[in-house]
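Following the hints, complete the assembly by docking chain F onto the known chain L.
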Amino acid sequence: MTSTRGATLFALALLAPALIYILSIVAYPLVDTVILSFTNAALRPDYDFVGWANYQRIFGAGNFTEVIIRTFIWTFFSVSIKMIIGMAGAVLLNAAIPGQAVFRILTMPPWIVPMAIGIFMWGWMYNGQFGMISGLLQNFGILSRPFPFLAYGNSAFWATIVTDVWIGVPMVTIYFLASMQSIPRDLYEAAWTDGAGRFYRFRRITLPLMVPAILTMSLLSLISTFNSFDIIWILTQGGPSNQTTTMIIDTYKTAIGSYRYGEGAARAVVICIFVSLFCIVYFRAVRRLQQGEAK
Amino acid sequence: MSDVARTTEIAAVDSPSSVKPRRKARSSKPMIERYRWYEILGLYAGIALFLFFVLAPFIEGFLVSLKPLSQLFSTPYSFIPRNGSFDAYFTMWSTVEGLGRYIFNSLFISAVVTLAVIVIVVPAAYAFARFSFAGAGAMLGGFLAVNMFSGAVLLIPLYRLLRSFGLLNSYWAMIVPGIAFLIPSSIWLLRTYMLRIPRELDEAAWVDGASRLYTLRRIILPLAMPGIVVVAIMTFIGAYAQQFIFALTFNSRQEFMPLPVGLFAFFGRQEVLWNELMAASFAGILPVMVVIVFLQRYLVAGLTAGAIKQ
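So the sequence lines, in the order shown, correspond to chains L and F. For the first sequence, numbering that gives the first Met the number 0 gives the first residue as 0, with consecutive numbering after it. For the second sequence, numbering that gives the first Met the number 0 gives the first residue as 0, with consecutive numbering after it.
Pulled out of the complex, with its shape left as it was, chain L reads as follows:
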């Protein structure tokens, strides 16, 4: 039954539906994006090839570099905060105390509930007059006046980060928790017998053994955060005055909002290049880690 020609053909036949589907709905559009990025395609059906004109235009205008830098800052803070809160959550949920099982279930809703609906609720919370955050801060005397978080560029920037963190934290927490629980207990017991304290055990056993998990989650969060669309679109649509316009929002506005398909495609290609770079860096890191283990 092993690796005969018939077996290979059968395997390929089993794979065919998935393969054909992905090739036509993901791979073909990806190639089409690259082709379109060299054209002046718009609403009308016919278009011409314009060479590098789209790329020259977007990089020449100046505000695109601004968008790229903003996207990286947004992504950096969102991913780092997710990792820190996710790790803290995993440590807390890993503690053997009554209620553990319930707490774990209560962690999941932001991840599982329709993303857009969670974001609607954040939209209300950020409301200055009636929202919870401004309201509670006033009740505690931290704010003296109502503060509309989404109305100012700076606060809207951070508000969208907080919401992105909120959506990402459950997955990071549950993943870190699972990886924490797969660390052999003997290690902790041996360290404990030798007199190692809780913090020392965390720093010297948990953290080093979780490096692969942290790397994997960082990459997954990096990709999903970099591609994050729903949160910003629902909360601010990239405003106020473009202060929350990340590369994805920028692409969407160009292509779908202004029907400049060719230019939008060029912006999308730049996103794809960045995402591919992240993946290459990640695989390099994983390989180095594995080589380190082998030695």
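Since the hints were made in silico from the structure, they are not lab data. What you were told as hints is all true, and nothing was included just to trick you.
To give a feel for the contact side, a few chain L residues facing chain F, derived at Cβ under 7 Å:
#1 14
#2 117
#3 134
#4 229
#5 274
Since the structure is predicted, the reported quantities are computational estimates derived from the model, not experimental observations. Glycine is no exception: its CB is placed at the ideal position from the N, C-alpha and C atoms.
The following block gives chain F in isolation, referenced to the frame of chain L:
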């Protein structure tokens, strides 16, 4: 624990008279898992803070849905509703035009997507789990790479593709791209599960003269059923959660809108009835909440298995 206690504990480990020194204490729990009272307090405080962050929007949303509109738009802010009522849950059906339809659309789209993903993914996962052929690793990696590119990047060509097939402004406009982005992780998850089914079973069937297709249908499928159920649940939740960008871009007909986009359109009106919007949101969340409560065990297995075993 104090140093004295630890010293005696370590002494106990060294002394040959006691076999299980750590279980000697009052509690049945091993010493390593026991906490001082202030540690327990700290843990619960930390968990409370963590869960408050995670659940705050739901708490606020629920309280808002109970508040009458007049109280909602009054200052100063009060966290707890006065004269709260469930009225919004009854009036929303007439105020939010098409709410029932939106919820139906959401469930319908998710169901079709889930069905299609399962049909496509089960044979593919079996192929990856059992057969070694040239390019298998590359193909598996290729499927994973799909997750790198969000739908947003592919919107323009997808729009053109759907338009040329005449699928814009229909259920298909949301179902067709929805399936594609749920296939990769489902293949990985199910493949991991199928790898655990002993290969000897296939070989025994083969020796007995069963065809490959018969083996898949009669031996692998029944054994893999729990795994398929987990994948189906995960796919359904994924399909239900991600209905936004495709529905926003590829469909403008109100009768086909899923709940998130329908509510987003309701959002844009001049006067937002927030209490009813929140009530409607909860009605939309309910199906997933039911899934979480009843299928929690499978869910955790599904969430972690795919992730860790890679």
